[in-house]
Amino acid sequence: MSVGSPPKMAPGVGPPLWLLLELTYRCPLHCVFCYNPTDFAAVGAELPASEWIRVLREARALGAVQLGLSGGEPLARDDLEPIVAEAHALGFYVNLITSGVGMTEERIGALKHAGLDHIQLSFQDSTRELNDFLSSTRTFELKAKVAELIRRYDYPMVLNVVLHRLNIDHVGEILAMAERMGAQYVELANTQYYGWAWLNRAHLLPSRAQLARAEEVTRAFRERLGAKMQIYFVVPDYFETRPKACMNGLGTVFLAIAPDGMALPCHAARMLPGLEFPNVREHDVRSIWYDSAAFNHFRGEAWMKEPCRSCPERQRDFGGCRCQAYLLTGDAANADPVCDLSPHHHLVTAAVAEAERGGAAGASALLFRDHRISIAVEPGRGAPSAR
Amino acid sequence: MSGVSAAARPAIAHGMRLQWEPAQEAHVLLYPEGMVKLNGSAGAIMSRCDGVRTVADIVADLERTYGAADLTADVAAFVELALERRWLELRE
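Protein sequence lines correspond, in order, to chains A and B. Start counting the first sequence at 1; every next residue gets the next number (my numbering). Start counting the second sequence at 1001; every next residue gets the next number (my numbering).
It is worth saying that the hints were derived from the structure and are not from the lab. Mixed in with the good hints there might be a few duds.
Result set (DSBU-like, lysine-lysine): computed pairs, CA atoms no more than 30 Å apart in a straight line [stated by the list, open to error]: (1) K145(A) with K112(A); (2) K112(A) with K244(A); (3) K244(A) with K1037(B); (4) K145(A) with K228(A); (5) K228(A) with K1037(B); (6) K1037(B) with K112(A).
The following label-pair restraints were derived from C-beta to C-beta distances [as the list claims (entries may be wrong)]: (7) R180(A) with N1039(B): 37 to 43 Å; (8) A1011(B) with A209(A): 19 to 25 Å; (9) A1007(B) with Y232(A): 33 to 39 Å; (10) T1054(B) with R286(A): 40 to 46 Å; (11) N1039(B) with R128(A): 44 to 50 Å; (12) E240(A) with S1047(B): 35 to 41 Å; (13) R180(A) with A1007(B): 35 to 41 Å; (14) A245(A) with R1086(B): 23 to 29 Å; (15) A61(A) with S1041(B): 26 to 32 Å; (16) S1047(B) with N279(A): 36 to 42 Å; (17) H283(A) with T1054(B): 28 to 34 Å; (18) A1007(B) with Q315(A): 43 to 49 Å; (19) V234(A) with R1053(B): 35 to 41 Å; (20) A61(A) with T1054(B): 34 to 40 Å.
If you're wondering where the values come from, they're calculated on a predicted model, not measured in any experiment. Note that CB positions come from ideal geometry on N, CA and C, so glycine has one too.
When you get a sec, could you build the whole thing from the sequences and use the hints?
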């Protein structure tokens, strides 16, 4: 019996069912795999709460229903609570995506009262040493305390750990930590190479053997814990031969609003050249979603080049990820080079081969997400050179 | 007949939310970072699962509302599936 399905785009353009508000790029952490733009320091002033609330109303009227509040660290905004309250009153399911830094008993109580539905807490590792090293902060114990608050305030316990070469061998310990904390959902998200993670790719891409071991450990936990703790293992797509159906195709279900009000069909899309992304300060959400040139650009198939244009799989993966195509090939309309039908697939296999040889050896220094570095790095494609 | 008793009182599972979405013309089930769009019959059953009514009450209500007969097996099968997927839980 077919009783439910993930929401699919209607013929034509469906509503932006999933709304992500990146309330701020400010963050007390300095994670080496952050997907925020590397030039975040150059992004303009944050929207005030009154503007966020207008965006919520306009998006909800179009049918948006899942709401992510992220950043940066959304708790860095002291007006988070009224934003949550409005979202809840409008009927959104409200997810807070946080490092936990800034969470106190007082704030979690206020957020619960405001109607927050769910908190996703990120950890960098199962050990204090690596957690604190990877985020360049002393936050491990604080996060453990926040996990306790999440349980006490009767939220589902949802942990997110970004995996990469430096922590993927700790998957067993990470899952054991999650089990001890009573996690119901654990997302083991292998790093996707955008933003800061792109700059640091040579340090972060794991070897195949590491990946295989991590998957084996995950399988054993799944077998033992079943539905009690659901584990999502997001495979790093560099190891695949077909691309991910990124965002279900740009401009079909997902709408992100950056701290400065820029509307994006994917949180990494700001770097794509040649597109003028509209700003909610100047346009209403309806015209942005349905009418703007930037949101219509990658809808449908007219933008595709070969081999995507004539590919029988083009309606399954939509040519993969536009940002990845741009970062790796310099042209966002190319096939995602993860696909082994792409003439640029060797760029991905070369990066994987480099990881097999030991990764960071000889690479540039590991760059921590940092305001000063953000000012210094040039926006756009930047680093990797496994070409 | 299935494993779900007619006297069981199903409720929307903890941490899940069911609501009608006009834009999708459907009931949707919302949970952490996810959403399931329910078809008409699933929505009709789920929207009656309030932890107070029994499966037998829900069957009777649906039969009355839709002028149908013999919905017991269908409803029980759906409730079982929804319990398995943790969309529903049983209240004592």
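Status of each hint after checking the structure:
1. Proximity of K145(A) to K112(A) is assessed by CA-CA distance (about 17 Å); at most 30 Å being required, the pair is judged to hold.
2. Annotation: proposed proximity of K112(A) to K244(A) is violated, straight-line Cα distance about 35 Å (limit 30 Å).
3. With a C-alpha separation of about 22 Å, the suggested pairing of K244(A) with K1037(B) holds against the 30 Å cut-off.
4. Distance check on the hinted pair: K145(A) and K228(A) sit about 22 Å apart at the alpha-carbon level, within 30 Å; holds.
5. Distance check on the hinted pair: K228(A) and K1037(B) sit about 23 Å apart at the alpha-carbon level, within 30 Å; holds.
6. With a C-alpha separation of about 26 Å, the suggested pair K1037(B) and K112(A) falls inside the 30 Å cut-off, and the hint holds.
7. The given range of 37 to 43 Å is respected by R180(A) and N1039(B), whose C-beta atoms sit roughly 39 Å from each other.
8. The beta-carbon spacing between A1011(B) and A209(A), approximately 46 Å, falls outside the hinted interval of 19 to 25 Å.
9. Roughly 36 Å separates the CB atoms of A1007(B) and Y232(A), a value that falls within the hinted 33 to 39 Å.
10. Roughly 44 Å separates the CB atoms of T1054(B) and R286(A), a value that falls within the hinted 40 to 46 Å.
11. Restraint check, N1039(B) to R128(A): a C-beta distance of roughly 48 Å satisfies the suggested window 44 to 50 Å.
12. As the Cβ distance of E240(A) to S1047(B) is approximately 40 Å, the hint placing it in 35 to 41 Å holds.
13. At about 37 Å, the CB distance of R180(A) to A1007(B) agrees with the hint of 35 to 41 Å.
14. Judged by the Cβ atoms, the range 23 to 29 Å given for A245(A) and R1086(B) holds: they are separated by roughly 26 Å.
15. Taken as a hint, the range 26 to 32 Å holds for the pair A61(A) and S1041(B), whose Cβ atoms sit roughly 28 Å apart.
16. Distance hint check for S1047(B) and N279(A): the Cβ-Cβ separation is about 39 Å, which falls inside the suggested range of 36 to 42 Å.
17. Remark: the range hint 28 to 34 Å for H283(A) to T1054(B) is contradicted by a beta-carbon distance near 51 Å.
18. A1007(B) and Q315(A) have their C-beta atoms about 47 Å apart, which keeps the hinted 43 to 49 Å range intact.
19. The given range of 35 to 41 Å is respected by V234(A) and R1053(B), whose C-beta atoms sit roughly 39 Å from each other.
20. Remark: the range hint 34 to 40 Å for A61(A) to T1054(B) is upheld by a beta-carbon distance near 38 Å.
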